[in-house]
Amino acid sequence: MPILEKISQPSMARHWTDSIPLEFHYTAGVAGEKFRRELRDNGRFLVSKCAKCKNSYVPARMFCPSCFIEMKETRAIDEPGYVYSYTTVNRNRAGEPGETVTLALVKFEGVEGGIIHRLDDKTIDKAAFGIKVVPILKDRTERTGALSDIISFKQA
Amino acid sequence: MKRRVAIIGAGITLFRRRMLESPKELSFEASRMALDAAGLTLKDIQSVVSGSAPDAFDGVHMKGEYYLDGMGAIGKPHQRVYVGGGTGVFTPIGGWWNVASGMYDTCLCVAEEKMSPLHPHPQYAFWSIFDQILERPLGTTLLWIFSLEMRRYMHKYGIKEEEIAEVAVKNKGNAIDHPCAQLGAKITVDDVMNSEPICSPVKRLDVSPPSDGAAAVVLASERVAKKLTDEPVWLDGVGWTLDTTHWTNRDLAYPEYVEKAAKMAYKMAGIKNPRKEIDIAEPYDPFDYKELHHLEGLQLAGKGEAPKMTVDGVTQRDGDLPVCPSGGLLGVGNPIAAAGMMKICELFWQLRGEAGKRQVKKDARTGVAQAWGDLMQVGTVTVMRR
Numbered sequence: 000m001p002i003l004e005k006i007s008q009p010s011m012a013r014h015w016t017d018s019i020p021l022e023f024h025y026t027a028g029v030a031g032e033k034f035r036r037e038l039r040d041n042g043r044f045l046v047s048k049c050a051k052c053k054n055s056y057v058p059a060r061m062f063c064p065s066c067f068i069e070m071k072e073t074r075a076i077d078e079p080g081y082v083y084s085y086t087t088v089n090r091n092r093a094g095e096p097g098e099t100v101t102l103a104l105v106k107f108e109g110v111e112g113g114i115i116h117r118l119d120d121k122t123i124d125k126a127a128f129g130i131k132v133v134p135i136l137k138d139r140t141e142r143t144g145a146l147s148d149i150i151s152f153k154q155a
Numbered sequence: 000m001k002r003r004v005a006i007i008g009a010g011i012t013l014f015r016r017r018m019l020e021s022p023k024e025l026s027f028e029a030s031r032m033a034l035d036a037a038g039l040t041l042k043d044i045q046s047v048v049s050g051s052a053p054d055a056f057d058g059v060h061m062k063g064e065y066y067l068d069g070m071g072a073i074g075k076p077h078q079r080v081y082v083g084g085g086t087g088v089f090t091p092i093g094g095w096w097n098v099a100s101g102m103y104d105t106c107l108c109v110a111e112e113k114m115s116p117l118h119p120h121p122q123y124a125f126w127s128i129f130d131q132i133l134e135r136p137l138g139t140t141l142l143w144i145f146s147l148e149m150r151r152y153m154h155k156y157g158i159k160e161e162e163i164a165e166v167a168v169k170n171k172g173n174a175i176d177h178p179c180a181q182l183g184a185k186i187t188v189d190d191v192m193n194s195e196p197i198c199s200p201v202k203r204l205d206v207s208p209p210s211d212g213a214a215a216v217v218l219a220s221e222r223v224a225k226k227l228t229d230e231p232v233w234l235d236g237v238g239w240t241l242d243t244t245h246w247t248n249r250d251l252a253y254p255e256y257v258e259k260a261a262k263m264a265y266k267m268a269g270i271k272n273p274r275k276e277i278d279i280a281e282p283y284d285p286f287d288y289k290e291l292h293h294l295e296g297l298q299l300a301g302k303g304e305a306p307k308m309t310v311d312g313v314t315q316r317d318g319d320l321p322v323c324p325s326g327g328l329l330g331v332g333n334p335i336a337a338a339g340m341m342k343i344c345e346l347f348w349q350l351r352g353e354a355g356k357r358q359v360k361k362d363a364r365t366g367v368a369q370a371w372g373d374l375m376q377v378g379t380v381t382v383m384r385r
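Note that the protein sequences, when read in sequence, are chains E and W.
Mapping of the first sequence onto numbering that gives the first Met the number 0: residues 0 to 155, in sequence order.
Mapping of the second sequence onto numbering that gives the first Met the number 0: residues 0 to 385, in sequence order.
For the record, the hints were derived by calculation from the structure and aren't laboratory data.
Don't be surprised by glycine CBs; every beta carbon is placed ideally from N, CA and C.
Honestly, I wouldn't trust all of these hints.
[As the list claims (entries may be wrong)] Away from chain W, derived, C-beta distances all over 10 Å, residues of chain E:
(1) Met-11
(2) Ile-19
(3) Glu-32
(4) Arg-36
(5) Arg-39
(6) Glu-78
(7) Ser-84
(8) Thr-101
(9) Glu-108
(10) Asp-124
(11) Thr-140
[Stated by the list, open to error] Just so you have them, the derived chain W footprint on chain E, three or more residues with Cβ under 8 Å:
(12) 61–73
(13) 125–133
[What the hints assert, rightly or not] Just a few of them, taken from the derived set where beta-carbon distance is under 10 Å, the chain E residues facing chain W:
(14) Trp-15
(15) Asp-17
(16) Pro-20
(17) Ala-30
(18) Gly-31
Turn these sequences into a full structure, and let the hints steer you where they fit.
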């Protein structure tokens with residue numbers, strides 16, 4: 000068929016619509032379950048420590064990715080984190096203008112990994128590399144062990 | 000220049016309807032066990048091949064990239080292979096390419112599946128594999144085509160449902176001795192016949208369950224394997240083929256794609272008479288009739304003759320051709336990719352005499368494992384020897 004004889008207007012091609020109806024119920028995993036309980040019950044982030052390489056990881060995880068052995072030692076972080084990087088989002092994932100949100104990757108001294116979350120309104124103007132931050136948490140009775148237990152991070 | 004490849008360690012997790020472990024954690028547990036069995040650390044592993052069926056089960060797109068740290072694959076050459084239900088046996092085939100080609104001396108092969116996240120049922124992951132114009136509007140499920148296939152197979156060879164049910168009885172009974180099994184049980188043919196009809200002639204006890212789980216093996220080149228163990232199990236033949244997704248074009252009574260894959264693997268392994276030279280088999284058994292179908296495709300039974308072999312006890316653990324001594328998918332469970340790898344693990348343990356209560360009576364030296372999947376169109380086959 001010569002190319003000029005083909006349908007060139009998308010609306011002329013008959014089409015069917017359908018969807019793939021999927022819903023997921025995820026488990027947090029063995030280490031994830033401990034991390035979530037610590038967040039819910041004590042409002043703190045749980046860290047795993049490798050007995051071999053001595054590296055610590057947040058969120059807590061079952062195994063050391065470098066030594067590939069189980070990590071049994073855990074501790075909760077009491078110290079503030081720091082802003083490792085940040086961004087302000089102006090469009091939502093559909094590409095439309097939406098709520099403006101400032102997000103930060105929060106890291107902790109001596110710990111691998113980090114937590115990504117919102118910065119609160121008062122901290123947005125002060126957002127800078129290295130500023131110390133702590134989580135603003137929902138009330139204990141409202142916490143479920145989800146990331147949404149954290150409302151945002153604020154300057155310490 | 001092709002090199003000989005050995006399996007030198009195997010590992011497996013529990014198979015359960017829902018595990019707390021994340022896909023990364025399941026992968027880690029199976030990988031760690033396989034490495035420990037091989038006496039290796041992660042530093043000794045040069046490449047990693049993973050296998051997992053649709054991303055839609057775990058609910059993580061780029062699943063291969065997501066779970067790779069649970070397989071120790073960070074910073075290593077890693078490939079994910081994928082042919083639906085055939086993936087579990089295809090995974091060590093992918094590892095075989097790595098080692099036989101001379102690229103690497105060691106390769107960790109891991110298959111993982113976590114089907115429990117998907118609601119309302121893992122069956123929904125298959126919604127979109129059917130033709131979107133000709134089949135999906137009917138609300139198609141895989142059970143439809145399996146039921147059409149089972150009935151056609153019965154019709155063509157005059158097979159009774161009771162004969163097919165013997166497979167479920169055997170495999171669920173064998174699984175009682177598997178420490179990881181989800182559905183080991185002592186049942187009777189009557190139990191199968193009286194179980195709930197799901198999609199006739201397929202009944203509840205004809206079908207394997209959805210599961211979470213992982214399994215792994217360590218492959219090594221001949222040079223390295225001989226340094227590490229006195230009991231390597233050689234991966235001497237590999238074969239795989241795919242048919243078209245136009246499943247309506249196929250002979251539903253005979254899996255030609257399995258025959259082609261098997262013949263490829265047998266030729267590589269130098270096997271001329273499979274029925275005489277294969278001592279033990281782990282064909283894919285997500286349904287009881289599929290074990291029979293696949294035994295015929297694997298050339299271990301004539302067309303339509305596998306049911307009689309089963310009824311006669313030939314395929315029992317103490318029979319002349321033990322089939323699914325593990326308990327198979329019907330008994331151990333069916334975390335899709337991990338289920339195929341479970342069969343590789345089983346042959347590894349059987350051929351080394353390490354299968355414990357499941358050990359077959361005969362002195363098995365050569366085994367064949369096979370899996371099947373995609374839109375019932377793929378055959379993946381490995382021949383293993385001690």
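For this session: Enumerate the violated hints, using their earlier numbering and listing them in ascending order.
Result: Hints 2, 3, 13 not satisfied by this model.
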